[in-house]
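Protein chains: 2
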Amino acid sequence: MPLLINNEEVEQLLTMPDTLAVLEELYRDIAKGSAVYRARTDLHTPTTRTMGPDIPGAHYLKSMDGAVPRLQAASIRLTSDVLAYPLQDGLRRRVKIPAAPGNRWLGLVLLFSTANGELLSIMNDGVVQRFRVGATNGLGAKYLARKDARTAGLLGSGWQAGTQLMALCAVRQIEDIKVYSPTPGHAQAFAEEMTETLDRPVRAVSGAEEAVRGVDVAVTATNSRVPFFPAAWFEPGMHLSSMQRDEATDECFKLADVVVFHTRAKEQNYTSSDLAEVEQRYGFEIRDHSLARDLDWNSFPDLSELIGGKISGRTSDSQRTLFLNSIGVGAQFTAVCHHVYTLARERGLGRELPIDWFVESVHP
Amino acid sequence: MPLLINNEEVEQLLTMPDTLAVLEELYRDIAKGSAVYRARTDLHTPTTRTMGPDIPGAHYLKSMDGAVPRLQAASIRLTSDVLAYPLQDGLRRRVKIPAAPGNRWLGLVLLFSTANGELLSIMNDGVVQRFRVGATNGLGAKYLARKDARTAGLLGSGWQAGTQLMALCAVRQIEDIKVYSPTPGHAQAFAEEMTETLDRPVRAVSGAEEAVRGVDVAVTATNSRVPFFPAAWFEPGMHLSSMQRDEATDECFKLADVVVFHTRAKEQNYTSSDLAEVEQRYGFEIRDHSLARDLDWNSFPDLSELIGGKISGRTSDSQRTLFLNSIGVGAQFTAVCHHVYTLARERGLGRELPIDWFVESVHP
Numbered sequence: 002m003p004l005l006i007n008n009e010e011v012e013q014l015l016t017m018p019d020t021l022a023v024l025e026e027l028y029r030d031i032a033k034g035s036a037v038y039r040a041r042t043d044l045h046t047p048t049t050r051t052m053g054p055d056i057p058g059a060h061y062l063k064s065m066d067g068a069v070p071r072l073q074a075a076s077i078r079l080t081s082d083v084l085a086y087p088l089q090d091g092l093r094r095r096v097k098i099p100a101a102p103g104n105r106w107l108g109l110v111l112l113f114s115t116a117n118g119e120l121l122s123i124m125n126d127g128v129v130q131r132f133r134v135g136a137t138n139g140l141g142a143k144y145l146a147r148k149d150a151r152t153a154g155l156l157g158s159g160w161q162a163g164t165q166l167m168a169l170c171a172v173r174q175i176e177d178i179k180v181y182s183p184t185p186g187h188a189q190a191f192a193e194e195m196t197e198t199l200d201r202p203v204r205a206v207s208g209a210e211e212a213v214r215g216v217d218v219a220v221t222a223t224n225s226r227v228p229f230f231p232a233a234w235f236e237p238g239m240h241l242s243s244m245q246r247d248e249a250t251d252e253c254f255k256l257a258d259v260v261v262f263h264t265r266a267k268e269q270n271y272t273s274s275d276l277a278e279v280e281q282r283y284g285f286e287i288r289d290h291s292l293a294r295d296l297d298w299n300s301f302p303d304l305s306e307l308i309g310g311k312i313s314g315r316t317s318d319s320q321r322t323l324f325l326n327s328i329g330v331g332a333q334f335t336a337v338c339h340h341v342y343t344l345a346r347e348r349g350l351g352r353e354l355p356i357d358w359f360v361e362s363v364h365p
Numbered sequence: 002m003p004l005l006i007n008n009e010e011v012e013q014l015l016t017m018p019d020t021l022a023v024l025e026e027l028y029r030d031i032a033k034g035s036a037v038y039r040a041r042t043d044l045h046t047p048t049t050r051t052m053g054p055d056i057p058g059a060h061y062l063k064s065m066d067g068a069v070p071r072l073q074a075a076s077i078r079l080t081s082d083v084l085a086y087p088l089q090d091g092l093r094r095r096v097k098i099p100a101a102p103g104n105r106w107l108g109l110v111l112l113f114s115t116a117n118g119e120l121l122s123i124m125n126d127g128v129v130q131r132f133r134v135g136a137t138n139g140l141g142a143k144y145l146a147r148k149d150a151r152t153a154g155l156l157g158s159g160w161q162a163g164t165q166l167m168a169l170c171a172v173r174q175i176e177d178i179k180v181y182s183p184t185p186g187h188a189q190a191f192a193e194e195m196t197e198t199l200d201r202p203v204r205a206v207s208g209a210e211e212a213v214r215g216v217d218v219a220v221t222a223t224n225s226r227v228p229f230f231p232a233a234w235f236e237p238g239m240h241l242s243s244m245q246r247d248e249a250t251d252e253c254f255k256l257a258d259v260v261v262f263h264t265r266a267k268e269q270n271y272t273s274s275d276l277a278e279v280e281q282r283y284g285f286e287i288r289d290h291s292l293a294r295d296l297d298w299n300s301f302p303d304l305s306e307l308i309g310g311k312i313s314g315r316t317s318d319s320q321r322t323l324f325l326n327s328i329g330v331g332a333q334f335t336a337v338c339h340h341v342y343t344l345a346r347e348r349g350l351g352r353e354l355p356i357d358w359f360v361e362s363v364h365p
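Residue numbers (my numbering), protein chains in the order written: chain A, 2 to 365; chain B, 2 to 365.
Do not rely on the hints blindly, as some may be mistaken.
Treat identical chains as interchangeable: a pair holds within one or across any two.
To be verified - Below, a list of computed lysine to aspartate or glutamate pairs in the EDC-like style, where the Cα atoms sit at most 20 angstroms apart:
hint: 1; residue 1: Lys63; residue 2: Asp43
hint: 2; residue 1: Lys63; residue 2: Asp275
hint: 3; residue 1: Lys267; residue 2: Asp43
hint: 4; residue 1: Lys33; residue 2: Asp149
hint: 5; residue 1: Lys255; residue 2: Asp43
hint: 6; residue 1: Lys255; residue 2: Glu286
hint: 7; residue 1: Lys63; residue 2: Asp258
hint: 8; residue 1: Lys97; residue 2: Glu194
hint: 9; residue 1: Lys148; residue 2: Glu193
hint: 10; residue 1: Lys33; residue 2: Glu280
hint: 11; residue 1: Lys148; residue 2: Glu12
hint: 12; residue 1: Lys33; residue 2: Glu252
hint: 13; residue 1: Lys255; residue 2: Asp55
hint: 14; residue 1: Lys255; residue 2: Asp357
hint: 15; residue 1: Lys63; residue 2: Glu210
hint: 16; residue 1: Lys148; residue 2: Asp43
hint: 17; residue 1: Lys267; residue 2: Glu9
hint: 18; residue 1: Lys311; residue 2: Asp275
hint: 19; residue 1: Lys63; residue 2: Glu268
hint: 20; residue 1: Lys267; residue 2: Asp295
hint: 21; residue 1: Lys148; residue 2: Glu347
hint: 22; residue 1: Lys33; residue 2: Glu278
hint: 23; residue 1: Lys148; residue 2: Glu176
hint: 24; residue 1: Lys97; residue 2: Asp357
hint: 25; residue 1: Lys255; residue 2: Glu278
hint: 26; residue 1: Lys97; residue 2: Asp149
Everything labelled a hint here was simulated from the structure, so no lab data went into it.
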């Protein structure tokens, strides 16, 4: 019987150390070619929902698949989002509107058995998403940051920032953390909460440069659409952990002694012609397009090659290292959700659904 | 509330004329660039299930997405199949094993609203699949076969063959149909059943060449992995309607005056390294690989260009025309399943599921 598992249940079951361990094993599988995944695909079409006058919107269907033979599991992760692009400080910001009934979002993982093909679980993707993004950057730091790293600086204090710190503190003995957010008050509230969660000092500072100056590990966890982290902030010995592509400037990639991407895979975009007029009128592109930057993105090694030992990481304490969580892949959800599913079965959590609902007596 | 719709309910709701009409509109949307889709992706990994000694197997996760602005709908179609490759007449045949609980298969379509992102329906894919494949070839015949086509020859009498004839008879005044199957008795039983369904003579014949000799429309609906239809059978004036890539030989494509593909999109394959040994040992490839044939597949126009008027079809009665249903695309499921969903709502069919199960209060 497929198990319906919601975010509240995932939160009871999933820990950061477990997520790190599960993903580290996964990258060994990927390095061997055993685990497989496809790059994310994005479909953008018009939507009728809007945030207000003159605020363009779009529907966004995103999906990714992955399979892990060692776990006898495969999965599809999908999100069905209503996007709006309000103007903020002269730039179009992307907002996901909770447009589904009850002011909710929709993101699911469907987990399958590769032994008999059956649907094992339908799971909310939100909590898993936070943990897997945090753990991915955490693994980058584990293999690239100086072994004696003690200080960290964080830019951003949103939904993803907390798991970034949890993962970093699980792989290094971090003793002091500075955090900066451009949103007034956010960093302070975040710092107080994380000081408690992590049981070590997290303090808000008043500028981005101040947050990362002199730290052993700089972490960017923003929703910026424009690279902003200058090479001048990237000091010798520093590990720069970037959560997405539009944070570190091209100069950082050129300056780094070691650069590792999460994956070289790229998302594939399919945008309805109905949105071309919107893009033109408002002067922005709905699709992700940062891959057009002045770098050969295919030239960088990926995390599976680092963890699998195909490339070496840092070789001296004075080197600059950079990990970019370039894009997520489906196999991450397969591994983490299989772990959550296994625990849910053990502990009797989740709601059993009739398997009859999801199978059929004919095949195409 | 999302509506769970099973195959029995789809069968009550979906007709071939409706499927043809729904898809014809879809191709106009695709021609304009309004409707979008991504190419199918295939993930092959090992499975523990087997059909018997020395019969290799694999798990196969397949998915495709599509969105249709006019319908304010998007969808993901997925199948989770356990495959086996028994040897038959010296060739490896691909069999989908009903390995899921209750000896079932698993194929689903998840339909979403692009207006608010919500999940509208979870639907079995089996019946929709039959109808959309039949209707796709039917539209090829509508736009390419001679207007006065009266006779048809069908090779194959399996699950997909019936809808091929239903679609053809909906677009042309077909008066006489011959059918051949290499499986003894199959063609005869099929002919009797289809004579009743179509209310016109369908007769079994004892050879493939006999089935297609002298007919106005030849239809291939087989699971062959090797092209078998020779140019010698492809007579002047004939329309050759091919359900998949490994039926018409390269010479047919070269001989045809007009060739139209369903789409130029190609599936993307991801095969676990664990299966490489299996492929080598048994001497066959698990992934689809027929795109390696001696033709420039990108040079052919597609069905949306034909229906949208970007290319012309047949211009004389003596021309040979060839339609190849090269691969399915997600937008077909979006359009057809949205139609089924709308009818199910109108007629009170299907089972309502709580929307709370499929939404979340956090977003990544």
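Consistency of the hints with the structure:
| no. | hint | in the structure |
| --- | --- | --- |
| 1 | Lys63 to Asp43 | both (5 angstroms within a copy, 17 angstroms between copies) |
| 2 | Lys63 to Asp275 | within (18 angstroms within a copy, 28 angstroms between copies) |
| 3 | Lys267 to Asp43 | both (11 angstroms within a copy, 17 angstroms between copies) |
| 4 | Lys33 to Asp149 | neither (30 angstroms within a copy, 58 angstroms between copies) |
| 5 | Lys255 to Asp43 | neither (29 angstroms within a copy, 36 angstroms between copies) |
| 6 | Lys255 to Glu286 | neither (26 angstroms within a copy, 42 angstroms between copies) |
| 7 | Lys63 to Asp258 | neither (34 angstroms within a copy, 40 angstroms between copies) |
| 8 | Lys97 to Glu194 | neither (25 angstroms within a copy, 52 angstroms between copies) |
| 9 | Lys148 to Glu193 | neither (27 angstroms within a copy, 76 angstroms between copies) |
| 10 | Lys33 to Glu280 | between (42 angstroms within a copy, 17 angstroms between copies) |
| 11 | Lys148 to Glu12 | neither (30 angstroms within a copy, 63 angstroms between copies) |
| 12 | Lys33 to Glu252 | neither (32 angstroms within a copy, 41 angstroms between copies) |
| 13 | Lys255 to Asp55 | neither (40 angstroms within a copy, 53 angstroms between copies) |
| 14 | Lys255 to Asp357 | neither (55 angstroms within a copy, 47 angstroms between copies) |
| 15 | Lys63 to Glu210 | neither (34 angstroms within a copy, 47 angstroms between copies) |
| 16 | Lys148 to Asp43 | neither (38 angstroms within a copy, 41 angstroms between copies) |
| 17 | Lys267 to Glu9 | neither (31 angstroms within a copy, 40 angstroms between copies) |
| 18 | Lys311 to Asp275 | between (45 angstroms within a copy, 19 angstroms between copies) |
| 19 | Lys63 to Glu268 | both (10 angstroms within a copy, 18 angstroms between copies) |
| 20 | Lys267 to Asp295 | within (16 angstroms within a copy, 29 angstroms between copies) |
| 21 | Lys148 to Glu347 | neither (36 angstroms within a copy, 64 angstroms between copies) |
| 22 | Lys33 to Glu278 | between (45 angstroms within a copy, 13 angstroms between copies) |
| 23 | Lys148 to Glu176 | within (13 angstroms within a copy, 80 angstroms between copies) |
| 24 | Lys97 to Asp357 | between (34 angstroms within a copy, 18 angstroms between copies) |
| 25 | Lys255 to Glu278 | neither (36 angstroms within a copy, 40 angstroms between copies) |
| 26 | Lys97 to Asp149 | neither (39 angstroms within a copy, 54 angstroms between copies) |
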